[in-house]
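Asker: Using mature numbering (1 follows the signal peptide of the UniProt record, and there is no 0), the letters of the sequence shown correspond one by one to residues -16 to -1, 1 to 970.
No lab work stands behind these hints: they were computed from the structure. Accuracy of the hints is not assured; some may be wrong.
Said to hold, decoys possible - Listed next, with one range per pair, are the computed distances between beta-carbon atoms:
id : residue 1 : residue 2 : range
1  : S548      : K740      : 50 to 60 Å
2  : D472      : S839      : 46 to 56 Å
3  : E322      : P687      : 49 to 59 Å
4  : K570      : A212      : 44 to 54 Å
5  : S839      : P687      : 37 to 47 Å
All values reported here derive from a predicted model rather than from experimental measurement. Note that beta-carbon positions come from the ideal geometry of N, C-alpha and C, so glycine has one too.
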Amino acid sequence: MKPILVISLILCVAFAGITMDLDLEHGHSEDYFNNLESQKKNGKLYVHIVPHTHDDVGWLKTVEQYYLGAREDIQYAGVRYIISGIYNELMKDTTKKFTYVEMEFFQRWWEEQSEEVKKNVQTLVDEGRLQFVNAGMSMSDEATVHYEDFLNNMKAGHDFLKRELGYKPTIGWQIDPFGHHSATAALFAEMGFNAWFFARIDHKDKDRRLENKEMEWLYRPFSDTLGARAEIFTHMMYHHYSAPPGFNYNEFQDEHPIFDNPKYDNYNVDNKTGEFYKYILHMADHYKTNHLLVPFGDDFNFSNAAKMFFNIDKLIKNMNERYEDVELFYSTPNEYLEAIHEADIEWPTKYDDLFPYSDGDDAYWTGYFTSRANIKGYVREVSRDLLSQAPFLAVDNMLNTPESYNKFEDLFNQMGVLQHHDGVSGTEKQHVADDYVKNLHKVHTAAKNQFVEAFDRLFDTGLENLSMCLSHNSTYDHCPTKDLLNDDVEQIGLIVINSSNKRNSLAKIPLPNSRVTLLNNMGEEVPVDIICEADTSENCEAYFEVNATQFSWNIFFFKKTHESNHLRANSNLQTLNFGSLTMGVKNTNGDIELEFSKDGEKKQGVLMRYMYYNSYQDIEGQRSGAYIFRPSESDEEPQRYSSTYTYDGLQGNYVTQVRFYGSEVNNYVTGNIFTDFVEIKTDLFGIPLGFQGQEVILHLSFPEIQNGGVFYTDSMGMQMQERKLGYRPTWEFESTQPVSENYYPINHGMTLKDDKMTLEVLNERSQGGTCLQDGSMEFMIQRRTYKDDSRGVGEALNESRNSDKRGLRVITSHYLRFYNNTEDMEFNQDSRAMQREIDSPFTYVFGTVPENFTSQNSPFILGHEDLLPDSVKAVFLPQQDGTIFVRFENMMDPISLNKTETINVTEIGESIGEAIGVSLQQITEVSNTGLYTIEEMQDIKYKWKGVDYTTEEVIYSSDPSNTELGPQRIRSFVLSYAKQAEAISE
């Protein structure tokens, strides 16, 4: 029975998990097909047969299970054997070619091979018969990833390919993600790609494109800021990323092979070639040139590479013999692109993105924007740690030990795995999700320990036994401050590390109780606000000011005292003040009402509620599940999820906090004197077990703003995109699901504005969100469904705790701000500055204080303070050869600020060298994953013609001493140093 079960599951997955254009007739009559032959363009059709396999880096099985071919009871797939079979077939026949994508799997396979096999693979690569596209560790999702994580995933794979095979991809291959962002197109273009290929767009958009022959176009994302640099050719596949119907010869496919020997009763070559010829003629009618790309492959295809290639050979031979007007041949996406580029025609253009994706009238893939909220939160936390600690690992790698790079690379690569479109997206099986978290936690912990060791080697802080908290949300019992409970510990040292721009901000440290004072490195008492658990002086958090120069560190001490030193809660507090803001508080019938006033101006009201949609789960119709969000009624109004029954407030010197206690959610609204943003921290206890799925939202209402159905959401954390309720810019939209069709992925935030006011709400992890009525926002913060949505994962999204069967607890934060449109805005008040605060938090390292401790001065990693403008973010990454990879980004967003910044990378590089005792030898500007030098970009980038206009040719040049960064522009450099000293402390 086991093989039957396996085959049944595979067939179910193939049908339910892959959405494709199954209607290949497109409403045409038989006369249409009869006339196609006379309508062919320019005579002969050139058919590029592109063998490929799509190997999910985790989905139904774990990464390891997929690679090894384990757990065939779940799915028949073993990537080790797939790659080996492909290699063997390519070695037998010099006419065959193959395109591969996922570097997590290829790297595993490569490391198992002999030197002879590696040499042969190098030959296949040099001959162009084995090519790589995309080539990240995984094929990244686009809705639920942050642009920095997307870039890092690609860089991890590109580093491997460039180092081992000298290979530099030029093609993006996002064939399976469930919608596509403008940011992806822009990032691909700036990393040196000439085109990207994908297979999923809204079914209505695809119908229109088929009809108008717009299946290929020029994507021009962020054209107002990045111009032609971000332009990239785009190819939408005809029949998903699959072989034509009837021609998939992978194992367990019910497709008839080609029998071309007439002595066999099953002789069918005439029928099969005629079938393929009809398919090709129809396909050609929807594309603009006489070159057609026909993929042969699918999920984990070529498990029997000999069988696949044997039948493709038969198809090519017999088609070419029977039809003079068609030529089939093995090809690659690169060769196809070169052919259509030479056609030199004008292409359609597109400026907006491709979200949300729908494959049916009631099937909007907007649920996965939020699915598995805790994985999404953990991935962002690890990303922040990685980027904050990377500068110090880079220096330690250069000066002291390659182990710092090794631990960094392990984490870097694993983070690449998690960006997979069935990883951070939350669309994998539960056991796979558990495996992702286990593996990420392992390398995250190792990298943190290595960072602590590296920091201790690099800097003489005077503290001993350095260690860190378990996580950003740790309470004191998972933090070194728990040692303050020990009788023999009188104080604990704290190093606050700023791996970002100069800033004056708050540090937040968990403490076991409030019986402490805070001292600076000179032993002087420092003001601190301590907030403890309700009605106690225990389980506390300390908030205090840190005035930090860029890339520096400061030392503080928590010293025991006999007196409690925490803020006292007041349950009757009606008004609180912080900075220029006043906040009024009311609890109205279980809802939370806040009123904000800035500098005494008119109050702005906010109604804050936790609500939920019932999931659609009827037997008939499209169900809500891991991928798809569908309320039980298409126009359903959300219901109350949690009622607030009491609250208290605390007023400190730095911090003001109101704590709302509810039936299913506790909520903490915190303001501080350094920003106009107010943090809304949500502690959702876990969706109770039941029979009806629930989709929980944070709903915010702002009656003063009349935004006319227009709102803005980010593109993978980058530039804000305009959204209109019930509207798509490029086709006539018909509403079928008024709620879910208007949900968009949010990784940075949402903005509403009218002619007077602007409201911004930022988030700290991927979530779905929308604006369904003027002046309102909703963010989906957690989901629990009890039915599968029939898109292949085969199980409900039903995460639960074992103890009480509640859903998983979720703690998440949003950051809210109003401002008057007439206000003069500086960058340090902008939402992008707040994004940097969220994405580049202080790093906290604790240590014991020796008796002979003497205060140390903090070094400036970047030298003097004016080298990095406030709006320019710098990311430093170690490289295996001891160089430092640096990305500089102008964070300004044209929605609020639009200014070009200029930096002197040479001075920055020299100041780093001066600070750490080495001399700068060379600066090389490179593409944003380091594949190409900027001069090479000039040679490899194609120029295209658009129907509306043809962009001017981009001049790729570099002057590190005068580097311009327009808004949202990222430029990357490699810094090479000569070692001059053994350690910084010397």
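Asker: A separate judgement is required for each hint: does it hold in the structure or not?
Answerer: Each hint tested on the structure:
1. S548 x K740: 50 to 60 Å: violated, 46 Å
2. D472 x S839: 46 to 56 Å: violated, 23 Å
3. E322 x P687: 49 to 59 Å: Given a distance of about 57 Å, which is inside 49 to 59 Å, the answer is holds.
4. K570 x A212: 44 to 54 Å: At 53 Å between Cβs, range holds.
5. S839 x P687: 37 to 47 Å: For P687 against S839, whose Cβ atoms are near 53 Å apart, the range 37 to 47 Å is violated.
Violated hints, listed in ascending order, are 1, 2, 5; each of the other numbered hints is respected by the structure.
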